[in-house]
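Visitor: The chain contents come next:
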Amino acid sequence: MAGATQDTAIRTGRITRTFIYLVLLLFALFYMLPLYVMLVNSVKPLSEITGGGMMSLPQVWTVEPWIKAWSTAQIGVQPTGLSPYFWNSISMVVPAVAISTILGALNGYVLTKWRFKYDTILFGLMLFACFIPFQIVLIPMAAVLGFLGIAGTTGGLVLVHVVYGLGFTTLYFRNYYAVFPTELVRAAQIDGAGFFQIFWRILLPSSGPIAVVSIIWQFTNIWNDFLFGASFASGDGAPMTVALNNLVQSSTGVKEYNVHFAGAILAALPTLLVYIVAGRYFVRGLMAGSVKG
Amino acid sequence: MAARAEVDFKTRLQNWLPKLVLSPSLALILVFVYGFIFFTVYVSFTDSRILPFVDRSGQPTYTLIGFTNYEKLFSLSHWEIALTNMAVFAGLYIVVCTAIGLMLAIFLDQKIRGEGMLRPLYLYPMALSFIVTGTAWKWFLDPGIGIENIVQSWGWAGFSFDWIKNRDFAIYTVVIAAVWQTSGFVMAMFLAGLRGIDNEILKAAQMDGASNWNLYRRIIIPQLRPAFLSAFVILAHLAIKTFDLVIAMTGGGPGRATELPATFMYSYTFSRNQMGIGAASAVIMLMTIAAIMVPYLYAELREKK
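In order, the protein sequences belong to chains A and B. Be aware that the first sequence starts at 1, since it is given in our numbering, and climbs by one per residue. Be aware that the second sequence starts at 294, since it is given in our numbering, and climbs by one per residue.
Worth double-checking, as some hints may not be accurate.
[To be verified] Rough simulated footprint, nothing fancy, chain B against chain A, three-plus residues with beta-carbon under 8 Å:
1) 47 to 60
2) 73 to 85
3) 132 to 140
4) 165 to 178
Read the hints as simulated data drawn from the structure, not as lab findings. Glycine included, every Cβ here is placed at the ideal spot set by N, Cα and C.
Same shape as in the complex, but just chain A (with noise of 0.2 Å):
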């Protein structure tokens, strides 16, 4: 990683350069293109949508689609529009993302500075557990979450989203403690401090950037997920998502494609914030953590 801003030292002519400028902004504008389509589509009047004007500016400025989507759209068979899915959401979120993410600091901080026999493994074990496809665990987790008396609800979310969330917390913070100097912990060791002493004031003081990798990481997965909110909590205790997609999708009444789009914003906006605040110090934090590998 050494030199990690340095360009290319190619030389280009000028011809390819306008060229290169070209592909850049052309691509710049097909990224674009969606969230161009769902913010000017959702301030417009249905009837300009489905005259074909798409593309253009609104003719006539309304936010009755937003105030409908957030407020009083069918949900389901409910008109309570998207507002209670967004208050499931942060409290699934909130609670999930905290426990995570301390979890995975402490498990870090073990398999790197109190190594023990097989730990390497132990961690694959975890690792691989980030990359299964979720539909093994369904059927089993819906058992579960029904034994337990919380299907359906954001508490057993908020078990499902830590579970699933653990193995990438601890990657993280395993690979940025394994570049902190063992040295420190040993000569506080040797000054008598102990376990918790240690983590606590040697390496949490530390952690700022891989929090923010870890936090951010986390939010966007689990405010995201779509697979586990519709499988586990399908009505009142719905996530975000699956209510947009309820939506969506309902077959009843005209399609209001302006409020479709209006909500889809409403559930873009928390991790389209976090991405624009806090996105720099997640590639910064994700690069110190991955020095050695």
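Model the placement of chain B on the given structure of chain A, informed by the hints.
Guide: Showing chain B alone in chain A's frame:
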């Protein structure tokens, strides 16, 4: 004596503490991942049809029926469609994402003005839920109000683009949306690789009169091998897991034209009351991913030791 016993206890506790701290996470993973995998494999060999593990007549059952579910699974045309779609989707998705990602990374690496603005533009789709992406693409590609209608209203009356409603082409619209979502991320992986290449070698080769094309073909791209490998592993596993995007864009339709193993498993398990077959399809999915991930993770973990 008492003091010594206390010290003993304290050191012993300190020795056990790390393992104690790790054990809850480990227990969770062992039960909820490996225990559950084992359980699903078991269900795939039984005649259970719906939760809580009862047969057609509502009687509890765990009767083992051998490979019957697997035989049934592979005789279903529905599953065959899902597998064919998977091959088409994964192949195109991986190749196109890698090609676009590599091209954008190489182009962005040419001391581009505004790189700081372009990079986040390419990357932001990764932050969105597939349901959001799916909604946007679903209506944009819809012939009634989307691109077909738009181009026609611009005056090209004969223009037609109805892929999302066309059985033979619908799967390609899913590829378009999936590529849109992840190609920027692949770009970032390649860019990190490019920025790690030593410029001195390049300068030396330039002195020797190597052309740009040859520099990339002979020196730079071969050095990106690790990035290619990571990109492949990540894209392959994302492709096999693809579920939300299809649900949001086409719901598996028109007909079954965009059915994938993930949507197949979901509908057989939860809406068709064929849990045994659903479990069998999940096992096949897991084995496919394991075939890709296990060698990769094994190599990664061994290297680090």
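Visitor: Give a verdict on every hint.
Guide: Each hint tested on the structure:
Note: the stretch 47 to 60 of chain A has 6 residues with beta-carbon separation from chain B under 8 Å; the three-residue rule is met and the coverage holds. Counting residues of the stretch 73 to 85 of chain A whose beta carbon lies closer than 8 Å to any beta carbon of chain B gives 0, which falls short of the minimum of three for the stated coverage. Only residues whose beta carbon comes within less than 8 Å of a beta carbon in chain B count, and the stretch 132 to 140 of chain A has 9; three or more means the coverage holds. Check on the stretch 165 to 178 of chain A: 4 of its residues sit with their Cβ under 8 Å from a Cβ of chain B, so the three-residue criterion for coverage holds.
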